Every structure is written in C-alpha cells, then in structure tokens.
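Asker: From just these sequences and the hints, can you work out the full model?
Chains as they are written, first to last, in the working numbering: chain C, 73 to 373; chain V, 511 to 829.
It should be emphasised that the hints constitute simulated quantities derived from the structure, not laboratory data. Don't take each hint at face value.
[To be verified] Which stretches of chain V does chain C cover? Using the computed rule of at least three CB atoms under 8 Å from a CB of chain C, they are:
(1) 551 to 559
(2) 779 to 785
[Unchecked claim] Restricting the straight-line Cα-Cα distance to at most 30 Å, the calculated cross-link-like pairs of lysine-lysine (DSS-like) are:
(3) C:K162 to C:K371
(4) C:K371 to V:K653
(5) V:K739 to C:K365
(6) V:K739 to V:K606
(7) C:K189 to C:K269
(8) C:K189 to C:K365
Only a predicted model underlies this, so the values are computations on that prediction, with no experimental measurement involved. A virtual CB, placed ideally from N, CA and C, is assigned to each residue, including glycine.
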Amino acid sequence: MATEVITRLDPQSRAAARGWSDLTIRNLFIIPTILFLIIFNIFPLLYSLGYSFTDFRASTNAPANFVGLANYRALLNDPFIWTNFAITAKYVVVSVTGQVVVGFGVAMLLNRAIPFKGLLTTLLLLPMMLSMAVVGLFWKLLYDPSFGIINYALGLGRFEWLSNPDMALYAVAITDIWMWSPFVMLLSLAGLSAVPKHLYEAAAIDRAGPFYTFFRITLPLVAPILMIAIIFRTMEAFKTFDLAYILTSQPTTELISIRLYKMAFQEWQTGMSSALAYIMLIMVVAITNIYVKYLNKVKER
Amino acid sequence: MAAVKTTSEVALNRLAIVAVLIVTIIFLAPIYWIASTAFKPRNLATTIPPTVLFEPEIAPFVKLMVRRSQLREPPTAEEYAAAPWWERIVLDDGEKIVRSGRGEVQMSAYPDRFMNSIIIAISSTVLAVGMGTLTAYGFSRFKVAGEQDWLFFILSTRMLPPVVVAIPMFLMYRWFGLNDTHIGLIILYTAFNLSFSVWLMKGFIDEIPREYEEAALVDGYTRLQAFFKVVLPEAATGIAATAVFCFIIAWNEYAFALIMTNRRAQTAPPFIPSQVGSGLPDWTVIAAGTFLFLLPVAIFTFLLRNHLLRGMSFGAIRK
Numbered sequence: 073m074a075t076e077v078i079t080r081l082d083p084q085s086r087a088a089a090r091g092w093s094d095l096t097i098r099n100l101f102i103i104p105t106i107l108f109l110i111i112f113n114i115f116p117l118l119y120s121l122g123y124s125f126t127d128f129r130a131s132t133n134a135p136a137n138f139v140g141l142a143n144y145r146a147l148l149n150d151p152f153i154w155t156n157f158a159i160t161a162k163y164v165v166v167s168v169t170g171q172v173v174v175g176f177g178v179a180m181l182l183n184r185a186i187p188f189k190g191l192l193t194t195l196l197l198l199p200m201m202l203s204m205a206v207v208g209l210f211w212k213l214l215y216d217p218s219f220g221i222i223n224y225a226l227g228l229g230r231f232e233w234l235s236n237p238d239m240a241l242y243a244v245a246i247t248d249i250w251m252w253s254p255f256v257m258l259l260s261l262a263g264l265s266a267v268p269k270h271l272y273e274a275a276a277i278d279r280a281g282p283f284y285t286f287f288r289i290t291l292p293l294v295a296p297i298l299m300i301a302i303i304f305r306t307m308e309a310f311k312t313f314d315l316a317y318i319l320t321s322q323p324t325t326e327l328i329s330i331r332l333y334k335m336a337f338q339e340w341q342t343g344m345s346s347a348l349a350y351i352m353l354i355m356v357v358a359i360t361n362i363y364v365k366y367l368n369k370v371k372e373r
Numbered sequence: 511m512a513a514v515k516t517t518s519e520v521a522l523n524r525l526a527i528v529a530v531l532i533v534t535i536i537f538l539a540p541i542y543w544i545a546s547t548a549f550k551p552r553n554l555a556t557t558i559p560p561t562v563l564f565e566p567e568i569a570p571f572v573k574l575m576v577r578r579s580q581l582r583e584p585p586t587a588e589e590y591a592a593a594p595w596w597e598r599i600v601l602d603d604g605e606k607i608v609r610s611g612r613g614e615v616q617m618s619a620y621p622d623r624f625m626n627s628i629i630i631a632i633s634s635t636v637l638a639v640g641m642g643t644l645t646a647y648g649f650s651r652f653k654v655a656g657e658q659d660w661l662f663f664i665l666s667t668r669m670l671p672p673v674v675v676a677i678p679m680f681l682m683y684r685w686f687g688l689n690d691t692h693i694g695l696i697i698l699y700t701a702f703n704l705s706f707s708v709w710l711m712k713g714f715i716d717e718i719p720r721e722y723e724e725a726a727l728v729d730g731y732t733r734l735q736a737f738f739k740v741v742l743p744e745a746a747t748g749i750a751a752t753a754v755f756c757f758i759i760a761w762n763e764y765a766f767a768l769i770m771t772n773r774r775a776q777t778a779p780p781f782i783p784s785q786v787g788s789g790l791p792d793w794t795v796i797a798a799g800t801f802l803f804l805l806p807v808a809i810f811t812f813l814l815r816n817h818l819l820r821g822m823s824f825g826a827i828r829k
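Answerer: This is how it looks when you write it as structure tokens:
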C-alpha cells in the first residue's frame, strides 16, 4: 500500500543532484509513520475482527472455535446490552448539551472587552488539562454526602449524588461538563472572534435587536466550528470509560465502554467482547458520518 | 462592538465581567479544593462546615512518599523524642514508617509510579512529535498520491474507542511480552498521539513560506539541511504546542495504563485511584498525590498558554 505514495518528481532537480533526493526524503519522512499506524491500528482491528467470530477466552489456553455470527446474534438479542447503550445515549445527550450551553455561554461572555481575558481563558482551560481518572477520584470527595463541599455549598444537607441510582449518571455528566465545557468554549471563542465586525455594525445601523443579531449573524457564522466541537465531544462522550468507572459503580452508570471492559478483562469473554467492540465501532463511525454530513450542510449555508 | 457606546452597553459589559468572574471561580473551585486539601492536617480534611483557613502542613506529602504501617502500641516518649520530624508526623497519626533490614526508610510506590509517568509521557511525546513533524513536512512540501486519503486515514486512527483497540492490543502485547513494560506503553501512546501530531504540525508547516527553503537551496544547502536549519526553527512554536498536547494526553491516559500494566510500568493515573481502598481513605494523602500529579500539567499550560491557544483551535483562528 505504501508504494502507492510514490509520485513523479523531476530527477534532474537541483536538490536531487546532491545528498538525498527529494523522493528519498519524502519516503523516509512519511512511510515509517504510515507503517507504524497500520501496525498499531489496522492490524489489531483485523485481529479482533477474527476473534469476534470465535468463542476465544484469553484467560484459558483452549483453542478458539469458530462460531460464526453467534456472538453478534447473542449480543444484539441481549436486553442488558441495550440497556447499556440506552444509558450511554442518555449520558451523551446530557453531557454534550450541558457542555455546549455552558461552553458557548461563557464564550459569548468572554467575547467582549474583558480585562485579563487571556489569563481568565487560560485558567478556564485548566479542567480539561487534568486526568479524567484523577478528576473522577477527586470529585468523589466533592460529592460525598456527609462532608462533600458541593452539598455544603448548595445547602443540600446529606444529598446522595453517587449512591443514588437516579442521580449517579447526572453526577458523572456534571463532572464531564465541568471538564469539557472549556473545550467547547475555546472553539466557540475562535469562531466568535472570526465573525466580521462590520456585520454587527450594519445590524446596529438597521436597529436590529439583540435576538435578531444573535440568531441571524452570530449563530450561523459560528455554527460550523460549534458543530466540530459537538462532533468531538459526542465521540468522546460515547467512549467515556475512566470518569464513570472511577466515580461510581451503579448499574445505572454502566456505560457501554464499562460493559465492554468488564466483559473483556474481568469475565475474559474475548471473542464475545471483540464482537461488542465491533458493534460499538460501527456505531461510532455511523454517528460521526451523520454529523459530518450535517456539518457540510451547515457549512454550505 | 458598536461605534458609540450607550449606557446600557456599558452596563451590559459590567454584567458580563461579573458573570465571567463568577464562572471562573466556580470552575477553579474544585482544583483549589484539591490543592488546599493536600496541605491540610488529616482531621480538617473532612469537616463540616469545610475548613478554609488552616495552618498548611506538608504531612500529607510525607505520608504519600513513605511506606507506613499501623502502630500496635502508642510510641514511648523516648521513641518520639528520638524520631526526626518527618517520622513524628506519622507517629502522631498512630502509624510508623516501615524500614528495611538495614534501617533504611522504605519509599511508597508513588515516587516509582510518578517516574514511570514521566518516562513514558516524555518518551512518547518526543517520538510522536518527531515522527509527526517529519511526516507533516513530507505531506506539506512534496506531491503524494492520494494525499487527502492518507491524511484522513491518519486522522481516523484516533476515532477508535480505546477500549475497542485494547482487546487486540492486549493479546498482541502478551504474545510479544510487552505487557507491563515501559516500551509497551511508550509505543501505544506514540501511536495514539501520532495522528494528532501530524495534523497539527501540517497546519503549522503549511504556514511557513516555501520561499524560505527555496532560498536556502539556492544558497547551496541540501534539502535536509534546509529542513533542519530553516524549516525547523520556523516551526518551533508549532512544535511546542504539539508537544504540550501530546504530553497532556500521554500523561493523563488511564484506560490503557489500567489494562496493560500492573506493577513495573504502571503510571500514576491508575495507581492513585487504587489507593482509595474500601475503608476510610485518607483524603489528604490522595489529595497530595493528585496535586503533585497535576503540577507538571498546570505549569506547562501556564508557560505555553499562548502557543496552546493557537494549537488547540485546529487552525480555526489562523491569523
């Protein structure tokens, strides 16, 4: 495959005459990376595709038996798996919506003449620089019903965040919103700063109200980059593992990644979990495609 | 915005400033709480109402670094008097420091895990940024058949959920004996960051005018010399931004570290949560571990804030 990279270059070129030719340099610079990515991404994927048709268990030395589509059939008929997907969908919707509202809102505020804007923006970025695992661990202390600072600050008494099955998923989403709103904020800020000022001036001359200005000028022009932020965050939220895994172990917070982890590395159902991994992969690709199509539509407008 | 500022516009601006300050305080509160808990005496960590004013202690850090065991009997007055200050901290809490046969203080596992994090994050960052810069230059300056497709392939390697890749990687690594090794995690994180690094660096290198190298070539430089002496220095900002990114991602990674390591090469992210256990956790020690772990990233972010803002917007605000 990598040989397809070769193109025509003028062999008489001045650079080719001394030292390495441009062609050699180009191949030396590009091919190792491509090979590396193929070995560590494509190869494992094919490998697990093979295992998804077997009953292999990595914990035993028993040889793998070919079982055809049995794993896929079992998974698609398993109501528990669909529960995991439903939980994941709810989580994605809640946390991405929250991030867009908070992130875009803060960006709108920051897009004014605010003193120490650079410093404030940098400080606001800090949450997303941290490790999700360590953040999750620490939010456990913040959420603690008897001595957590959140209950104290909000005057909630001994409110249960993480051990209440109805609340736990929202608690995870709140932490995720705290961590990743800054990402949406940053991209929105980039988009907002690119809106040409003369449009606002024209709107002001026409005595357009703030709502009209927002929905007719600001939002349409920021929409493409906001869409990119939403794509990224949806993909990441769909994959969430660490945060939920560390914060709580409620059945109501068992996202599909957590189910997959347990199936693969605690129950050692390697074949079955490879099949689930593939179902997940197809879903991520499908969701991303729908989004990208929508993004292109937004861009065309 | 408008050329003439009306009074309502000024009032609105003030309101925005106040709102931004409130948001910033809310967003930073959890981080402040981690940092302050790391310097608290144990009995003040979990008080209600929360303790805001206290005399900072470094006891949590001492306890984080040494191995301790529960005292069976309270220390005698002589024992206490003979102990250095850092041992007294532990004695006060009803614990003693574990010593080896030769009387040496035994370190806890934390310094080891922290070192693993440093080794693995730095090595994979250097590899990913190095390879990424070369590849980005290749794509930026030479004709490559199907360039867009290759670039998309490179990006698509990041779309896979880590847990999906983890199963075959685990089996492959077991086969090659790479589980629980530094090299294993370094390779993984490099593969992880490479796509990102290529895309970011391509954006930065595309911005460097080709005329710079062409002038160098005319001056008798070879293509390689032109790359190293002209292009690389120009790309320094981009390299810095990309490096911070890759470092943050490798430094914070949890899922692979949890699956692929258990002792020798374990990094801090899976280690810190494993210390909570089932009993009553000492939150000051956990906070100290967390705080130390956050420190490098916080310093990095602050030092390179301007590059970072540019790098992170994916070329959306190209000036």
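Asker: Next step is simple, just say for each hint if it's right about the structure.
Answerer: Now for the hints, and whether the structure bears them out:
A count of 4 residues in the region 551 to 559 of chain V with a Cβ less than 8 Å from any Cβ of chain C is obtained; the coverage claim is therefore met, three being the minimum. By the rule of at least three residues with a Cβ nearer than 8 Å to a Cβ of chain C, the coverage given for the region 779 to 785 of chain V holds, with 4 such residues. With a C-alpha separation of about 28 Å, the suggested pairing of K162 of chain C with K371 of chain C holds against the 30 Å cut-off. Restraint check: the Cα-Cα separation between K371 of chain C and K653 of chain V comes to about 28 Å, which is no more than 30 Å; the hinted pair holds.
Proximity of K739 of chain V to K365 of chain C is assessed by CA-CA distance (about 42 Å); at most 30 Å being required, the pair is judged violated. For the hint pairing K739 of chain V with K606 of chain V, the CA-to-CA distance comes to about 58 Å; that exceeds 30 Å, so the pair is violated. Between K189 of chain C and K269 of chain C, the direct Cα distance comes to roughly 19 Å. Compliance with the 30 Å bound is thereby established for this hinted pair. For a cut-off of 30 Å, the pair hint linking K189 of chain C to K365 of chain C is broken: about 35 Å separates their Cα positions.
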